[in-house]
Amino acid sequence: MRDIIAKLFHKSPFEALYKHMLKVKECSDLLKPLIETFISGDRELIDEQVKAISDLEHEADIIKNEIREHLPYHLFMSIDRSDILWFLKQEDAIADSAEDVARLIEMRETEVPSELEENLMELVDKVLETVDSLKTTTSNIKLLSQSSFSKKEEEKISDLIKNIDKKEFEADVIQQNATKNLFLLEEKIDPVSIFILMKIMKELGSVADHAQNTGDRLRCIIAR
Amino acid sequence: MLENPLFIVAVAVGLYMAVNIGANDVANAMGTSVGARSLSLRKAIILAAIFSFFGALLLGSYVTETISKGVIDSTYFVDKPSFFIYGMIAVLLGSSIWITIATYLKLPVSTTHSVVGALIGFGLIGPGSGGINWRVVINIVLSWVFSPIIGALASYFLFILIKKRILDVPRPLKSLKKEGPLLLGIVLFILSTAFIGGCFKRLSNNFTLFYPIGISLGVAIVGGVGAYFSLKRYSLNEENAYEKVENFSKILQILSASYVAFALGTNDVANAVGPIAAIISVLKTQEVYSQVCVPLWILALGGAGLVIGISVWGYRVMETIGKKITEIMPTRGFVAEFSAATVVLICSRLGMPISTTHASVGAVIGIGMARGVGALNLRVIRNIIFSWLFTLPIAAGLTMGVYRILIAIL
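Quick note, the sequences are listed as chains A and B, same order. Sequential numbering from 1 applies to the first sequence in the working numbering. Sequential numbering from 1 applies to the second sequence in the working numbering.
These are computed hints drawn from the structure, not numbers from a lab. There could be a bad hint or two in this list.
Stated by the list, open to error - Cβ-Cβ distance ranges computed for the label pairs, FRET-style:
| # | chain 1 | residue 1 | chain 2 | residue 2 | range |
| --- | --- | --- | --- | --- | --- |
| 1 | A | Ser139 | B | Asn237 | 18 to 24 Å |
| 2 | B | Ile346 | A | Ile62 | 45 to 51 Å |
| 3 | B | Gly128 | A | Tyr73 | 42 to 48 Å |
| 4 | B | Leu378 | A | Lys162 | 34 to 40 Å |
| 5 | A | Glu15 | B | Phe210 | 47 to 53 Å |
| 6 | A | Ser139 | B | Arg202 | 41 to 47 Å |
| 7 | A | Ser82 | B | Ala300 | 54 to 60 Å |
| 8 | B | Val141 | A | Glu66 | 39 to 45 Å |
| 9 | B | Leu41 | A | Pro33 | 44 to 50 Å |
What the hints assert, rightly or not - Some chain B residues judged to face chain A by a derived CB distance under 10 Å, without partners named:
| # | residue |
| --- | --- |
| 10 | Asn24 |
| 11 | Ala29 |
| 12 | Gly31 |
| 13 | Asp79 |
| 14 | Ile213 |
| 15 | Leu217 |
| 16 | Lys323 |
| 17 | Ala370 |
| 18 | Ala375 |
| 19 | Leu376 |
| 20 | Leu378 |
Backbone N, C-alpha and C fix where the C-beta goes; we use that ideal spot for every residue, glycine too.
Whenever a hint applies, use it, and build me the whole structure from the sequences.
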């Protein structure tokens, strides 16, 4: 008989999910100093920062794969298995997009026009705020499981998710305005720079999009 | 009686079984208490030893009677009582050999299933299938199927109740102050009714539940009032409310751990001493169909075996299990232990030998159904069913073999 009861208990994925969240946040938070360096144009520092982002993205991947490997089909969980996997996929996409931004910046030496500096900083701030609201939201999952999915905790999380949506919307607006401002400069700067700057802003927007999608998955988890 | 070498063998093997149960099964029943840190390892071992001993002593006789004279129709041995003794020794040896092999192979085998399989084996090779009370066997097998299911349902509803009353409310701490003392009182009442009721049953001839219930009510009220005042000291600040609920539940889980150890004693001791009791009744009267009650000292012996198993080997098994189930919260562990113990105790009273571990597994799954635990590995259920299927024929076959050998050499 020995430890049959112990075998019955499988490690709950909540803790690892939060660990993944923290790693993703650590990774995306580096976007701000990167954009600052991008504006100032220090190529050496850019290479260093891109490498740091890329390393953190890789670490997040490792955590993601660990979680996946520890979620076999025959588990019986308080949360639907596919909801967890989707949630994880979206959360990981945040780090992926952050890395894409970093790669775009690293790929080509591009000068940031001074008119765009403010827009870029505003955008990256809002995007990181979106990720931060997601982090705040997921930190409440523990309370959700402690309370065995009480209405009160579900409502709390659902309010927090609305906050992510709000931030993402704001990031969208900033991104649109920034793009408009970029096109105002089309006479002054070369088309390739415009192309790459647009792409960078688009990809920054994606970081916020994925944070919102992750929040959406959390909605599904609660709605069960 | 004591000069009979066969009897010494029977007692030794029975003791071995009891030690085995103490070493393994108790840890499974109480593992969540150690895992949730409601009890330190040391305290868990002390409670396990005390309560399983008294469970065996006070209420172990019902299942012991089923094992000793319920399954095998002993009237077949009226003119050859010694064959009955050989058979019961074969049952003890056959089942304990299988338990030893299974423990070595790390199979989740229950001593209960092993002993019942062994009894069937003896019945088949001794008196033949007509000598087995199939009705009793079917009831036992049904109790194996239903005890985990009822354990699951009981813990499901108990946990839902706790959730509705304490966890899923706007102010959990405020609810805890109201419901906590009541809950503690009810648990104390049930535990003490079982314990004191057992004492009265042992001590008095015309037994009624009147005094045990009266005393238990007193105990429950004292406990409830104590809980009321200790909860009163908590501030009404709802911050970390769930953690405070869990903290209070640690007290409940100390009680439920004692309760489950007690219940285990009442049921599992029979696996070890049932066949010995059967042998004694023959040796005492030289007749097999006598209606001798299970002597107290034999239950005490089984209880002592449990205590030895718990204190010598149970420590390590409990430590391993406790380390592996740190995910469980005291509220959940309490509900699981309480439900499993109640199911086991009811089965004991009905004389049904069941596996405490399987009832515990069922109870934990019930909490999973109520979304009380993060993740459960249901493959364990498959392993349990396999172990049933293997244990019955293997224990039966081993017993038949041992019986043949005993007949040949004696």
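Next on the checklist: Name the hints, by number, that the structure is in violation of.
Outcome noted: Hints 6, 13, 14, 15 not satisfied by this model.
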